[in-house]
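S.K.: Protein chains in written order, with the UniProt record's numbering: chain A, 1 to 85; chain B, 1 to 124.
Be aware that a few hints might be false.
Unchecked claim - Result set (DSS-like, lysine-lysine): computed pairs, CA atoms no more than 25 Å apart in a straight line:
#1 Lys77/A - Lys117/B
#2 Lys77/A - Lys34/B
#3 Lys34/B - Lys120/B
#4 Lys120/B - Lys27/A
#5 Lys114/B - Lys77/A
#6 Lys34/B - Lys27/A
#7 Lys114/B - Lys27/A
#8 Lys77/A - Lys108/B
#9 Lys27/A - Lys117/B
#10 Lys114/B - Lys34/B
#11 Lys77/A - Lys120/B
#12 Lys34/B - Lys108/B
#13 Lys108/B - Lys120/B
#14 Lys117/B - Lys34/B
#15 Lys108/B - Lys27/A
#16 Lys27/A - Lys77/A
Keep in mind that the hints were calculated from the coordinates and are not lab data.
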Amino acid sequence: MIDAFMTVAYLMVIGVTIGAVAALLQKDLLRAAYISGAESIALAFLFHALLAPDLGLTQAIVGTVLMPGIIILAILKTRRHEESD
Amino acid sequence: MIELTLQTLSFLAAALLVIIGMAGMLYLDNLIKKLIAFTLLSDGVNLALVSLGYVQGGIVPILEPGASLSDFPNEAALIFGPGIVLTNIVIGVSTTAILAALIVILYKRYGTLKASKVLKGEHE
Chain A
1 MIDAFMTVAY LMVIGVTIGA VAALLQKDLL RAAYISGAES IALAFLFHAL LAPDLGLTQA
61 IVGTVLMPGI IILAILKTRR HEESD
Chain B
1 MIELTLQTLS FLAAALLVII GMAGMLYLDN LIKKLIAFTL LSDGVNLALV SLGYVQGGIV
61 PILEPGASLS DFPNEAALIF GPGIVLTNIV IGVSTTAILA ALIVILYKRY GTLKASKVLK
121 GEHE
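The shape of chain A in the complex, shown without the other chains:
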């Protein structure tokens, strides 16, 4: 029998790495901040699957709201798009 919870956990392992690469490949810094938040949600689910649900809750709040929020505030104070030259 295939356990649905563990299947999603295996998918989240892939999602974490793909999200990390995708966040650093963006030219739009605002979109990079959003994608790093999405990677953080996948990491929170992975913490839950690795038998540490307290860390999952903390990572879900901190990594999805606070980290991208701080980065977005820094982007709003500076500039949104990466300089090309």
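Since the structure of chain A is already known, use the hints to place chain B on it.
M.R.: Relative to chain A, chain B alone:
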């Protein structure tokens, strides 16, 4: 042949996150990209420490009423790694905030987000 359990795959993902984060911090030129790479590096270290404590087929280390006391030490996941990681997550937020503030100060002084121009000291 290494069996591909969740713990092994998590170690691999943690190693990839650390490599991606370090490469991003070293080779990307944009300061905010460096900040995002730093958070990825921190996530990778957290994931490595948490997957150290994983026990295959184990339970969450909370002793509930009615649970068997003799099976608990064999089944429960280790508590030390997650205890440290909880501190590291919170410290990571404050480190990110300080780095973001420093980036804003650098931008106000040099008018650019490129690390190569900031290191050369070009005023706008």
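S.K.: Evaluate each hint against the coordinates.
M.R.: Against the structure, the hints:
Between the alpha carbons of Lys77/A and Lys117/B the distance comes to roughly 19 Å, so the proposed pair stays at or under 25 Å and holds. Pair hint Lys77/A plus Lys34/B holds up; C-alpha atoms about 17 Å apart against a cutoff of 25 Å. About 18 Å separates the Cα atoms of Lys34/B and Lys120/B, which keeps this hinted pair within 25 Å; it holds. Taken as a hint, the Lys120/B and Lys27/A pair is honoured in the structure, with Cα atoms around 23 Å apart against an allowance of 25 Å.
As the CA atoms of Lys114/B and Lys77/A are separated by approximately 15 Å, the hinted pair is consistent with the 25 Å bound. Note on Lys34/B and Lys27/A: the hinted pairing holds, with a Cα-Cα distance of about 13 Å set against a maximum of 25 Å. A C-alpha spacing of about 13 Å is found between Lys114/B and Lys27/A, which places the hinted pair at or below 25 Å, so the restraint holds. A distance of roughly 9 Å separates the Cα atoms of Lys77/A and Lys108/B; the hinted pair therefore holds under the 25 Å criterion.
Simply put, Lys27/A and Lys117/B have alpha-carbon atoms about 18 Å apart, close enough for the 25 Å limit, and the pair holds. About 10 Å separates the Cα atoms of Lys114/B and Lys34/B, which keeps this hinted pair within 25 Å; it holds. Restraint check: the Cα-Cα separation between Lys77/A and Lys120/B comes to about 22 Å, which is no more than 25 Å; the hinted pair holds. Taking the CA atoms of Lys34/B and Lys108/B, the gap is about 18 Å. The hint holds against a cut of 25 Å.
Our distance criterion of 25 Å between C-alpha atoms is met by Lys108/B and Lys120/B, whose separation comes to about 16 Å. Using a Cα cut-off of 25 Å, the hinted pair Lys117/B and Lys34/B holds, with the two alpha carbons roughly 15 Å apart. Among the hinted pairs, Lys108/B with Lys27/A is consistent with the structure: their alpha-carbon atoms are about 21 Å apart, no more than 25 Å. For the hint linking Lys27/A to Lys77/A, the alpha-carbon distance of about 17 Å falls within 25 Å, and the restraint holds.
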